[in-house]
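Heads up: the sequence lines are chains H and F, in that order.
Residue 340 in my numbering sits at position 340 of the first sequence, with consecutive numbering throughout.
Residue 14 in my numbering sits at position 14 of the second sequence, with consecutive numbering throughout.
Any given hint could be a false lead.
Stated by the list, open to error - Not close to chain F: a few residues of chain H, all C-beta gaps over 10 Å, as computed:
id : residue
1  : D29
2  : S101
3  : D104
4  : G201
5  : T203
6  : V224
7  : T229
8  : G237
9  : E260
10 : N306
11 : G351
12 : D389
Said to hold, decoys possible - If the Cβ cut is set under 8 Å, some of the chain F residues that face chain H in the computed set are:
id : residue
13 : L29
14 : P86
15 : V90
What the hints assert, rightly or not - To spell it out: a stretch of chain H is covered by chain F in this simulated footprint if at least three of its residues, at any positions, have a beta carbon under 8 Å from a beta carbon of chain F; those stretches are:
id : stretch
16 : 288–295
17 : 448–457
18 : 490–502
Keep in mind that the hints were calculated from the coordinates and are not lab data.
All figures in this text were calculated on a predicted structure; none of them were measured in a lab.
Glycine included, every Cβ here is placed at the ideal spot set by N, Cα and C.
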Amino acid sequence: MNLRATCIASAALLALVAAGPVAAQTKVDVALIGDADTFDPMVSTKDVVSIVTQHFLETLYTFDKNWQVVPLLAADMPKVSEDGTTYTMPLRQGVTFHDGSSMDSADVVASLNRWKDVASRGKAIAGQISSIEATSPTEITIKLSEPYAPLTTLLAFSNSAAVIYPQEIIAPEIKQPIGTGPYKLQAYQPDQYTQLVRFDGYTQPGAAAGEREQIPDEIRFIPVPDPNTRVEGLLSGQFDYADSLSTEVFDRIEASDVAEPVLLQAFGWPTFQVNHKKGLMTDLNIRRAVQAALPYDDMLFAAFGNEKFFQTDGAYYPEGWPWHTEEGTELYNQNDPEKAAEYLKAAGYDGKPLRILTSRQYEFHYQMAEVARMALEMAGFKVELDVVDWATLAQNRDNPDLWDIYITHSPFLPEPTLTSSLSSTSREGWANPEKEEILKRFTHESDPEARKAIYAELQRKIYDDVGMIKIGNFSAVQGKSRALSGVTPSPWPAFWNASKKQ
Amino acid sequence: MRSYLFRRLIGMIVVIFLVLTIAFVLVRLAPGDPAALMLGPDATPAEVAALRVRLGLDQPIVVQYVTFLANALRGDLGQSLFFNQPVTQVLADRAEPTVFLAIFSLLVALVIATPIGILAAYRRGSVLDQGSITSAMLAAAVPSFLTGLIFQRYLATDLGWFPASGYGGADAGFAERMRHLFLPAITLGITNSALILRFTRASMLEILGEDYVRTARAKGMSERRVVLRHALKNAGIPIITVVGLTFALLVSGAVVTERVFNLPGMGNLVVNAVLRRDYPVIQGTLIVVAALYVLVNLLTDLLYLVVDKRVKY
């Protein structure tokens, strides 16, 4: 090829490369931290799975903006028998699956039976479910062996979710999920995108659940594991929404003309999970020594840097939640090494290392661990920080021989019993008879005010027995295009009402 | 020649077998359980154990190895634990961005490095020569992720000239996909130009001092002809070697650059596979990379025959 031909070919290639993309129909691009590794939310508790699948799979109940349970595929709230053991649930009529078939009680019974068998939250109450029956084509009845007040909350949650599938596809493993949601799964290209398109046969739920307007023609979830790449994509206008951003970029996004930050105040709570099965932390005095020694405010400051992004708050639910109570919080943020030393003496502590298992997958976990280590050493502990990658942590925390404390975090969940570490069968194994008794009363009680009072007892017990250690509240940062509206900030944002200004 | 090729082929098989075995052992020595990762934070140990059985991870390691070897011989690299797809398909899907990125970035590197390297050698000690050495040191010293972040921030986010990340999405045509490769290719091209520039300059310096170059000049040959026809051709072997190795390195996955620009290539795939403990994908990628290295090395050696007639195998 001579020089002239090379120049012409290069110019043509450059022109081709510089040409912009062809304008498409209304599409919302959402950058997430990764791919949903399954489209069956019954078998996963990952937030990314919930965010994606809630658009095409629906549950009998859902939550309104105040986290109250409201009907979604159910026609109304259930009728509960006086003894609290029989739930009769009416179903909406005219609901169509994406394959064109109509939803009826047989689909719901088959789906709930599968949920009870394969979902971690379903399995947790499977022993209390005596039967799930179709009592008419538009009604099901769940019978329990003992009252369980959080049942509808469990059925509403999008994580380990009791989604409704057509009876025909029910199997231990579902590879091609078919749902009733406002969008349907169009394409999935691993590590590139999950493409959802509007489902034309969608019928709107009742007013309580809120209208799902199906405004965008298409929603695309793009896995972008690197947080900086999510920010640059948002600020360059490539993404309309970006999840899980670093608090450090808040001001930069706020200064942008293209995008704005979305601050989820009191999004969640970092915790030091306690090994009640084996090792040092099985001794109450050692647990109390840790609780007394930790400088919660310093840990939060080290982790989040700016008070805009954290609150030093000992209540397990922040103000504004129905479960909020200050019961027991006098034991929070004591920052008292002398008191901790007294507990250590009472325990006869012999200098055996306290093993804290953590990861840098979430940098704030590690930053809190470093501050905790210094404070614990000042109180007389010998501390061994085991910093591993998340995959190793996820494996090692299932082996009680390998850790005394591991660090994790959770969003505030709409029902306290959804916090798995409260259960004695969890990996932490907190089995305290008084706590079990409180928990039993709590799950049996259906009156909301009475439940609040029992929950206050539970929080007191968590502090007194150091069942787990809440470090505080933290806010999460997401980002959205300034042209985008109709998305309610949430740990699991939904995009069916999202519209874009041209 | 035939026996040479036969020997190289045997060598290739041995290398791939060793890589395959080492990869199998290493990924299983690393702590971390794919089943625990797939099920999420609230999965119980019993659920994790059940998934391990379903994925075949409960089998003795020897059984897993023999199954893996037997399948690999049939061209079956297994099923991705995360994607639930055959590894060969997962790899094939990731090949395009990586191969195009390798080609474009190598072109960028050659366009920058070759003329500057030749000129620097020809004008040894000049400002151009000093400047080229300094630039090459700078290009080699600045990590590609930093160059990438700078390009991403200023050329994509602030100026909006190029996409900040990705490979164009579902409906992207060829031109749109190549547009997404522009910044990653420039980033990698600059980084890799340093080595090629230094090799070109060094080779040319050596050749320009040879007797036959002096003879060519004495015979009245033009400088352009002396440099481009005689010197460059003979300086070619070391340059081809470094270009070949650079290409193999690029095709095996520009891990950091693919990560920064969120390109769905083999580099990004292998990082994600390690984080997810997707053993079959890690093994499959390593086998493909090993095969590519060996193949590019072989092609580089064969190219010597074309460049230098004195070379015999």
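Right, here's what the structure says about each hint:
no. : hint    : in the structure
1   : D29     : violated, 8 Å
2   : S101    : holds, 25 Å
3   : D104    : holds, 30 Å
4   : G201    : holds, 23 Å
5   : T203    : holds, 28 Å
6   : V224    : violated, 5 Å
7   : T229    : violated, 5 Å
8   : G237    : violated, 7 Å
9   : E260    : holds, 15 Å
10  : N306    : holds, 22 Å
11  : G351    : holds, 27 Å
12  : D389    : violated, 7 Å
13  : L29     : violated, 12 Å
14  : P86     : violated, 12 Å
15  : V90     : holds, 7 Å
16  : 288–295 : violated (count 0)
17  : 448–457 : violated (count 0)
18  : 490–502 : violated (count 0)
Hints 1, 6, 7, 8, 12, 13, 14, 16, 17, 18 from the list above are not met by this structure, while the remaining hints are.
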